[in-house]
Structures are given as structure tokens and as C-alpha cells.
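Counting from 1, one number per residue, gives the positions in the sequence shown under full-length UniProt numbering.
None of these hints come from the bench; they were simulated from the model.
Here the structure is a predicted model, which is why all the values come from computation and not from measurement.
One or more of the hints may lead you astray.
The calculated lysine to any residue pairs, modelled on SDA-like cross-linking and capped at a C-alpha distance of 25 Å, are [to be verified]: (1) K465 / Y420; (2) K81 / H151; (3) K291 / I305; (4) K465 / T513; (5) K332 / P365; (6) K465 / E425; (7) K184 / L4; (8) K444 / K465; (9) K179 / R95; (10) K586 / M622.
Computed beta-carbon distance windows for the label pairs [to be verified]: (11) I534 / E422: 43 to 51 Å; (12) N203 / I334: 27 to 35 Å; (13) I346 / S409: 30 to 38 Å; (14) I388 / Y420: 24 to 32 Å; (15) E126 / A156: 36 to 44 Å; (16) S450 / E633: 46 to 54 Å.
In this text, a Cβ means the ideal position worked out from N, Cα and C, and glycines have one as well.
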Amino acid sequence: MILLQLNKITKYYGADLILSNIKLEIQTGDKIAVVGRNGAGKSTLLKIIAGEMSFDSGEIVKPKDLTIGYLAQNTGLESTKSIWDEMLTVFEELRNIETELRNIEQKMAAISSAGDSHALQSLMKEYDSLQHLYKENGGYQYEADIRSVLHGLGFADYDYSTKISVLSGGQKTRLALGKLLLKKPDLLILDEPTNHLDMETLNWLEQYLQHYNGAVLIVSHDRYFLDRVVNTVYEISRTVCTKYVGNYSAYLKQKAEAYERELKQFEKQQEEIARMKDFIQRNLARASTTKRAQSRRKMLEKMEILDRPAGDEKSASFSFEIEKQSGNDVLKAIDLSLSYDQKTPIVKNINFSINRKDSIALIGPNGVGKSTLLKTIINRLKPLSGKIQFGSNVQIGYYDQEQADLSSSKRVLDELWDDYPEKTEKEIRTVLGNFLFSGDEVLKTVSSLSGGEKARLALAKLMLKKANFLIMDEPTNHLDLDSKEVLENALINFPGTILFVSHDRYFINKIATKIFELSTEGIAEYIGDYDYYIAKKAEMIELEQLKEPTIETKEQKQGKLSYEQEKILKKKERQRQRRIEELENKIAEIEEAIAENNEMLCDPNIYQDHEKAQKLHDQNVMLTEQLDQLMEEWESLLSE
1 MILLQLNKIT KYYGADLILS NIKLEIQTGD KIAVVGRNGA GKSTLLKIIA GEMSFDSGEI
61 VKPKDLTIGY LAQNTGLEST KSIWDEMLTV FEELRNIETE LRNIEQKMAA ISSAGDSHAL
121 QSLMKEYDSL QHLYKENGGY QYEADIRSVL HGLGFADYDY STKISVLSGG QKTRLALGKL
181 LLKKPDLLIL DEPTNHLDME TLNWLEQYLQ HYNGAVLIVS HDRYFLDRVV NTVYEISRTV
241 CTKYVGNYSA YLKQKAEAYE RELKQFEKQQ EEIARMKDFI QRNLARASTT KRAQSRRKML
301 EKMEILDRPA GDEKSASFSF EIEKQSGNDV LKAIDLSLSY DQKTPIVKNI NFSINRKDSI
361 ALIGPNGVGK STLLKTIINR LKPLSGKIQF GSNVQIGYYD QEQADLSSSK RVLDELWDDY
421 PEKTEKEIRT VLGNFLFSGD EVLKTVSSLS GGEKARLALA KLMLKKANFL IMDEPTNHLD
481 LDSKEVLENA LINFPGTILF VSHDRYFINK IATKIFELST EGIAEYIGDY DYYIAKKAEM
541 IELEQLKEPT IETKEQKQGK LSYEQEKILK KKERQRQRRI EELENKIAEI EEAIAENNEM
601 LCDPNIYQDH EKAQKLHDQN VMLTEQLDQL MEEWESLLSE
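With the hints as constraints, model all of the structure from the sequences given.
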């Protein structure tokens, strides 16, 4: 069922065109992402759909009874109520019905004792009707729903009588999200809902949205989140909107394929135009060929000329280089205890070592002390106890998520130039240009920059330092999707060592070779990316569940052993089924490739070209060998 349609929506800010002829359709069950550069108009589009902002032309078609819930970026819940009482306001109508039911119960008790059967029957009918309405609208489960959402959003250990006014900004944002989820609107519109969420909460929100009965429209820079939640992507670029079916990774693939296809069509047409113009020029003046030339000219005039595909908008362009290489041992932490106030330890027993070319993601719940550990390493905070040892030639470059190292009163140009006065203005402007600061933009004051611009300026300063050990606290915060990809590529090719804190799981997967999980009891090390860490944690939980109790009877032990064996067999079976699916997909791909090659070999232009035909034949031989090997493994797995 179609919930909402946008037809040719156009929006201006003053004389600037922001959105042009936007077409978008939302159906029940859709999970849609809106992506694009910072400033492309994503939040503007959400506000227009939510009815928070007007538009200049076009129309929005939707049913009158459509309920829309909208959460703007960094919206905090402002209330004088307690956490529990504020969540209860969502169910005010249900609670009114509940009050009315109690009132009727009292009346029925009074009438029953008076013996008025006619009045009692009338009240019982009213009671049954209200009770049915109460049940149908979730009257017997709304308190459980509140507890479930609060638990999922990280308030499991909170006293629900806590006043919302005393909470932090991030906690208020999570409560605003929770209140919106409890309302369960037909269309849920979320602008950057993953801000202020730790990884555990993100996992919960992903699962909640995956099973949400209504439609969801999301703007988010969290690519891992988008991959797990959405089934449609609308990209806003150069004021227009393009639809892609699939999650974020599918969108990237389709976008690249579309660009290549359009570029080939454009180039092919340009070659054809050049040939036609050449023919016309050579043959127009000759009596014997002038008619053919005139015919070609008419064809050329009628031809619909393709525009060169625009491709991506201009991206930042940078790389991290080092001045000199460090030794193999970069850093060692021995029995560290950390504190905010130099009195009370927030985390202790921290022991780890970092070697050259390690790329380590430091993860853990919010408030556990990740940023504190980074600041202790760079000597901005002192450890309560323990020590930190650096290897030889270690040069640290630090990226602060709060951009505290930027001077708000300086111009962008001076912010960089004051740190590197030996460089010329042209050199500084060139560096800033690579980070998308061009022309008069370099004369802006730092305080006037957006979060994304400040992040790019901080990265420019970090790049010029040429440090061999990068310590980064939430480097992807405020960056749009394109800038994140540029940063990822720069860090992947960095020849030094990296230690970073991030909630961006997609980014962690691309960059990390190790995971350090920080808890109040120390650090656990996992050698691999984020997906490996998740798999390993699940495996550890499963093994923990299989552990025998210390005291059991012989019969209980025998029962436990068979249960453990059953668990192991089930795990092996799941692995076997996954491998069978992988093999079947690969076999299908190879068979399709062989069929395509065979089809091309039937083309006269190819089978008459000996070199092309031989190349395709050799490919088929290689593919057939691969196919035989995969089929053999597939048959073996099926027979198990």
C-alpha cells in the first residue's frame, strides 16, 4: 500500500535551488535511506515530508489518516517529568480508557449490591466494548513495551523515576527516539538516529527497525546501519533525486555500474557523431555524394545528444605520509588505571602493546573511558597508576573528536599557516583546496564552520604533521559518506600505526586489523576486524553456555555431555549450510559466465577474430576447472 508520494517537489533557499523535481514513493514496510553530501538537502527533504517545512512547487499525496513521526537531528527530550512518566504520556488515551474501566467496575459493584439488573447489563455492555478497545490497542502490554524500549536504548540500569531535566544531551536524544518508537507511527522519519548510540544500542535499534511494521525513512552516515536496515536508497546530488533498490552496498555498486554504462553510451555516441561530421564535411561538396551527406546531416540534427555523465561531485583528496619510520615496538601500557578526577578509577588493569603498522580500533560502551585512555596516552591526562612506554622514533598525531585544538577566532587559512609558517600561502591554499576549502572559504573564521568543515580542517592539520603514529578519537563524526570513504582510503594506505576510537562499524571493518575491547576490568584483544570480533564474542558466549556446573551427579553430567554434543553438531550443521549456499551462488555465477562466453563465441565478429575467440576459450577452460572443483565440494557437503 502506498503511504506517501512526492511529485516534482522543488525547494529554494532564497535564490539557491536546493531540491529540483523530487519524485519519491513510500509504501508500507519500506525501509528507505536518503543519502548525499552534507548540504545536499537531505534534512530539508525530511522536514518537507514531515510537514515541518514548506516547498515551492510540486505536490505531496498521502491519506488523511496517515500518522507521521519525525525525529530531527540531535533532538533532545525536554521535560520536567521523570523518565517513566514521560514515556507514559504516549499512552494517555489508553490510560484514560483504563481509568474509565476502573470507574465502571466500581459502578457495577455498587449496582450489583443494589440489585438493579437492567442497569448492570447496560454497564456490562459498555465495559465489554471498552475492554475490547483497550486490548486491541495494547492496553495489557504498553508498560512492557516501555520497559523494552528503555532497555534497548541503554536505560536498563537507570531509576525510571529520574527527572529528564538532569540527564545529558545524549540521553535526552535517546529518550526522544524512544518516545517516538513507542508511538509506532505509520511513517517513521529519522534524521541521524544513530548519534549518541553505542554499539550495543545500535544493534538493538537495527533489529527493532528491521521488524517495524510501518515504513521508515532515514538519513544516516552510518553505513553498517544502513546496510542492515534499508531496502531502498534515494541519493540527492546536484538538487535531483535518484532511486536505487537495495541496501547501501547495493546502491554503491549500482551507482558505479550506471556511471560506467552511461559513460560508454556517451563515448560511443560521440564517436558516431565525429564519423558523421567527417563524412558530411568530405562529401557535401561532391555532386555524386551530396545527397548522402545531406541525409547524414538531417540525421545528426534529429539525434538526441547525450550529456556526459556527471559522475561524483568533487571529493576531498589527501593521504597521510610519515617523516620517519618508528621502531617495531610503538607503545606498551603496563597496569594502567585511569581516572577523570585523579581520585576515583574508572578503569584499571590495562595492559596492551602496539606494534608498527597495527591498525587498532578501541571499542567499548559509552562512558567506559575510551577517550580518557587516548588522552592519557598523549599525556593530556595522568594515569592514576601504571606506566606507558613508547618505542623509538614514535611521533604522535592526535585527532580530537571535539576539535578542541582548533582556534575558533582564527581564519581557516591562518589555522593551518600558523602551525606551518615555513610554507608559502600558495602551498597552504593548495592543501586546503584538497580538503574542499577553495577561494574565499579559506578566509572564513573557524567558529563559523560546520561540523563537517571543522573535521576536514582538523584532518588537514593532522596530514601536515606527518606523524608515524595516528591516535584518532571518532574521526568519522561529522563527515559525510563520501568524505568517510576518502579518509578510509588514506588510512588504509598509511605506512604507520593507527589507534582509533569509533562507533562506525563499517569504518572499523575497513581499517582495523585488531580490536581492543575496553571494560572496567581492562582490555581484551581480538585479532581481526569488527565482524570477526562479533563472531568471536558470539562463539565465546556459546562456549560459556556449554560449561558444566562444578557439582553435578553422574547422570546430569551425561545429560550435559549429550547436550553439548548436540550444540556442536548444530553449529557444524549451520556452517555446512552456509558453505552450501556460498557454493551454490558461486556455481551459478560461473555457469552464467560460461554461458555468456559461449554466446559471444557465436557472434561472427568474435569467432572470426582468432585472438578474441582463443581468449574466451581459455577463460571457459579455466572456469570449467573451477566449476568442477566447486561441484565436487558441493556434492561432498550434500552427502554428509
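Going down the list of hints, with the structure as the test:
1. K465 / Y420: Satisfied, since the Cα-Cα distance of roughly 9 Å is no more than 25 Å.
2. K81 / H151: 19 Å, holds
3. K291 / I305: 23 Å, holds
4. K465 / T513: 24 Å, holds
5. K332 / P365: 23 Å, holds
6. K465 / E425: Answer holds: K465 to E425 is near 17 Å, not above 25 Å.
7. K184 / L4: Distance ~17 Å between K184 and L4 Cα, so the pair holds.
8. K444 / K465: 23 Å, holds
9. K179 / R95: 16 Å, holds
10. K586 / M622: At roughly 14 Å apart (the allowed maximum being 25 Å), M622 and K586 satisfy the hint.
11. I534 / E422: 43 to 51 Å: 47 Å, holds
12. N203 / I334: 27 to 35 Å: Given a distance of about 33 Å, which is inside 27 to 35 Å, the answer is holds.
13. I346 / S409: 30 to 38 Å: The hinted range 30 to 38 Å holds for I346 and S409, with Cβ atoms some 34 Å apart.
14. I388 / Y420: 24 to 32 Å: Holds: the Cβ-Cβ distance is about 28 Å, inside 24 to 32 Å.
15. E126 / A156: 36 to 44 Å: 40 Å, holds
16. S450 / E633: 46 to 54 Å: 53 Å, holds
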